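K.L.:
Turn these sequences into a full structure, and let the hints steer you where they fit.
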Amino acid sequence: MNFKRKVLIGMVHLKPLPGSYLSDGNLDGAIEHAINEAKKIEKAGFDAVMIENFNDVPFSKKVEPITIASMSVIAKTIRQELSLPLGINVLRNDAIAAYSIAYAVKADFIRVNILSGVAYTDQGIIEGIAHELAKLRKLLPSKIKVFADVHVKHAHHFGDFEEALMDTIERGLADAVIISGKRTGSEVDLKKLKKAKELSSVPVLVGSGTTYDNLPKLWKYADGFIVGTWIKKDGKTKNDIDITRAKRLVELANTLRKEKI
Numbered sequence: 039m040n041f042k043r044k045v046l047i048g049m050v051h052l053k054p055l056p057g058s059y060l061s062d063g064n065l066d067g068a069i070e071h072a073i074n075e076a077k078k079i080e081k082a083g084f085d086a087v088m089i090e091n092f093n094d095v096p097f098s099k100k101v102e103p104i105t106i107a108s109m110s111v112i113a114k115t116i117r118q119e120l121s122l123p124l125g126i127n128v129l130r131n132d133a134i135a136a137y138s139i140a141y142a143v144k145a146d147f148i149r150v151n152i153l154s155g156v157a158y159t160d161q162g163i164i165e166g167i168a169h170e171l172a173k174l175r176k177l178l179p180s181k182i183k184v185f186a187d188v189h190v191k192h193a194h195h196f197g198d199f200e201e202a203l204m205d206t207i208e209r210g211l212a213d214a215v216i217i218s219g220k221r222t223g224s225e226v227d228l229k230k231l232k233k234a235k236e237l238s239s240v241p242v243l244v245g246s247g248t249t250y251d252n253l254p255k256l257w258k259y260a261d262g263f264i265v266g267t268w269i270k271k272d273g274k275t276k277n278d279i280d281i282t283r284a285k286r287l288v289e290l291a292n293t294l295r296k297e298k299i
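Number 299 marks the last residue of the sequence shown (my numbering); no jumps.
The set of hints was computed from the structure by calculation and includes no laboratory data.
Certain hints may be false.
With a straight-line cut-off of 25 Å between C-alpha atoms, the simulated DSS-like cross-links for lysine-lysine are [unchecked claim]:
no.: 1; residue 1: Lys232; residue 2: Lys271
no.: 2; residue 1: Lys255; residue 2: Lys271
no.: 3; residue 1: Lys42; residue 2: Lys298
no.: 4; residue 1: Lys181; residue 2: Lys220
no.: 5; residue 1: Lys233; residue 2: Lys176
no.: 6; residue 1: Lys42; residue 2: Lys173
no.: 7; residue 1: Lys114; residue 2: Lys81
no.: 8; residue 1: Lys176; residue 2: Lys42
no.: 9; residue 1: Lys42; residue 2: Lys100
no.: 10; residue 1: Lys220; residue 2: Lys271
no.: 11; residue 1: Lys81; residue 2: Lys271
no.: 12; residue 1: Lys181; residue 2: Lys144
no.: 13; residue 1: Lys114; residue 2: Lys100
no.: 14; residue 1: Lys181; residue 2: Lys114
no.: 15; residue 1: Lys99; residue 2: Lys220
no.: 16; residue 1: Lys144; residue 2: Lys81
no.: 17; residue 1: Lys258; residue 2: Lys296
no.: 18; residue 1: Lys232; residue 2: Lys183
no.: 19; residue 1: Lys81; residue 2: Lys42
no.: 20; residue 1: Lys258; residue 2: Lys183
no.: 21; residue 1: Lys285; residue 2: Lys258
no.: 22; residue 1: Lys232; residue 2: Lys173
no.: 23; residue 1: Lys274; residue 2: Lys235
no.: 24; residue 1: Lys183; residue 2: Lys235
no.: 25; residue 1: Lys255; residue 2: Lys274
no.: 26; residue 1: Lys232; residue 2: Lys42
no.: 27; residue 1: Lys100; residue 2: Lys183
no.: 28; residue 1: Lys232; residue 2: Lys255
no.: 29; residue 1: Lys42; residue 2: Lys285
no.: 30; residue 1: Lys233; residue 2: Lys298
no.: 31; residue 1: Lys232; residue 2: Lys176
no.: 32; residue 1: Lys42; residue 2: Lys258
no.: 33; residue 1: Lys100; residue 2: Lys173
Ranges of calculated distance between the beta carbons of each label pair, as one might list FRET restraints [to be verified]:
no.: 34; residue 1: Glu208; residue 2: Thr293; range: 33 to 39 Å
no.: 35; residue 1: Glu201; residue 2: Lys276; range: 33 to 39 Å
no.: 36; residue 1: Glu102; residue 2: His169; range: 20 to 26 Å
no.: 37; residue 1: Ile104; residue 2: Lys229; range: 22 to 28 Å
no.: 38; residue 1: Asn40; residue 2: Lys173; range: 27 to 33 Å
no.: 39; residue 1: Arg295; residue 2: Lys181; range: 22 to 28 Å
no.: 40; residue 1: Asp62; residue 2: Glu208; range: 42 to 48 Å
Since this is a predicted model, take the numbers as computed values, not measurements.
Note that beta-carbon positions come from the ideal geometry of N, C-alpha and C, so glycine has one too.
P.N.:
Here it is in structure tokens:
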């Protein structure tokens, strides 16, 4: 991905997968839904697509083998059907599973919610997984990039944001950092985003709350935008992607690129 032109990454929130509490066991249906959503993202003109087991609530810190198997099948199918760069996020913080899936299907990047530090979450206390992930990257070398959240959403954090940012980059070895609001769909704290852009030596991505209305305001302070909620029908996270809304956002991004804001 060319971060110099600033990228839009579209989210595919997977249906509840087999083994999760809300699943009806229909993996074929989940695959079909994921492919349809991913194709909308590609058709709208996004720069990349990322899949996530968003509906496997309540989440565990690490997932069961059936989740890894299901996500691998979905990711492989998307890889075969689409030409866009592909990312993997395994909630709540299973970076080992995410990297393994990405390696197997030749995906391009993973998202890690807590790479460095400690977060107090609805799954309890989650510790950073940078060391374990670094060992796996050494064992299975690839070009897969690690996009890591700093003070991730749906969590409470102690300590200084700037220190957490620098530790994620310098000690966690993140290839890009993600700055989000407090919850899915919540707008990012502009002060934190500006500070991240000022200090970071790697690309800075907005991880939540990007909309048609705030994209111009956020544009110059980020190198990319991970978008899920706003491109859904009526801007509701639980709905399917509305390709008209997705296209509108891409058109606006293209205008901002031309203006070189």
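K.L.:
Each hint needs a verdict: does it hold in this structure or not?
P.N.:
Hint-by-hint comparison with the structure:
1. Lys232 x Lys271: Distance ~30 Å between Lys232 and Lys271 Cα, so the pair is violated.
2. Lys255 x Lys271: The given pair, whose Cα atoms are some 23 Å apart, holds under the 25 Å limit.
3. Lys42 x Lys298: 10 Å, holds
4. Lys181 x Lys220: Answer violated: Lys181 to Lys220 is near 31 Å, above 25 Å.
5. Lys233 x Lys176: Distance ~31 Å between Lys233 and Lys176 Cα, so the pair is violated.
6. Lys42 x Lys173: 30 Å, violated
7. Lys114 x Lys81: 19 Å, holds
8. Lys176 x Lys42: Violated - the C-alpha atoms of Lys42 and Lys176 are around 28 Å apart, more than 25 Å.
9. Lys42 x Lys100: 34 Å, violated
10. Lys220 x Lys271: This hinted pair holds, its Cα atoms lying about 22 Å apart.
11. Lys81 x Lys271: Given that 25 Å is the threshold and the Cα spacing comes to 16 Å, the pair holds.
12. Lys181 x Lys144: 9 Å, holds
13. Lys114 x Lys100: Given pair Lys114, Lys100 holds - Cα atoms ~21 Å apart, limit 25 Å.
14. Lys181 x Lys114: Given pair Lys181, Lys114 holds - Cα atoms ~17 Å apart, limit 25 Å.
15. Lys99 x Lys220: With a Cα-Cα distance of about 19 Å, the restraint between Lys99 and Lys220 holds, given a limit of 25 Å.
16. Lys144 x Lys81: 22 Å, holds
17. Lys258 x Lys296: 13 Å, holds
18. Lys232 x Lys183: 23 Å, holds
19. Lys81 x Lys42: Measuring from Cα to Cα gives roughly 22 Å; hence the hint holds.
20. Lys258 x Lys183: 23 Å, holds
21. Lys285 x Lys258: 21 Å, holds
22. Lys232 x Lys173: 32 Å, violated
23. Lys274 x Lys235: 29 Å, violated
24. Lys183 x Lys235: With Cα atoms ~19 Å apart, Lys183 and Lys235 stay inside 25 Å; holds.
25. Lys255 x Lys274: Satisfied, since the Cα-Cα distance of roughly 22 Å is no more than 25 Å.
26. Lys232 x Lys42: 17 Å, holds
27. Lys100 x Lys183: 20 Å, holds
28. Lys232 x Lys255: 11 Å, holds
29. Lys42 x Lys285: Holds, at roughly 21 Å.
30. Lys233 x Lys298: Between Lys233 and Lys298 the Cα gap is close to 21 Å, so the pair holds against 25 Å.
31. Lys232 x Lys176: 33 Å, violated
32. Lys42 x Lys258: 11 Å, holds
33. Lys100 x Lys173: With a Cα-Cα distance of about 17 Å, the restraint between Lys100 and Lys173 holds, given a limit of 25 Å.
34. Glu208 x Thr293: 33 to 39 Å: 36 Å Cβ-Cβ, so the 33 to 39 Å window holds.
35. Glu201 x Lys276: 33 to 39 Å: 36 Å, holds
36. Glu102 x His169: 20 to 26 Å: 23 Å, holds
37. Ile104 x Lys229: 22 to 28 Å: Violated - the Cβ-Cβ distance for Ile104 and Lys229, about 42 Å, lies outside 22 to 28 Å.
38. Asn40 x Lys173: 27 to 33 Å: 30 Å, holds
39. Arg295 x Lys181: 22 to 28 Å: Given a distance of about 25 Å, which is inside 22 to 28 Å, the answer is holds.
40. Asp62 x Glu208: 42 to 48 Å: Once the Cβ atoms are compared, 45 Å apart, the range 42 to 48 Å for Glu208 and Asp62 holds.
Hint compliance for this structure: hints 1, 4, 5, 6, 8, 9, 22, 23, 31, 37 are broken, all remaining hints hold.
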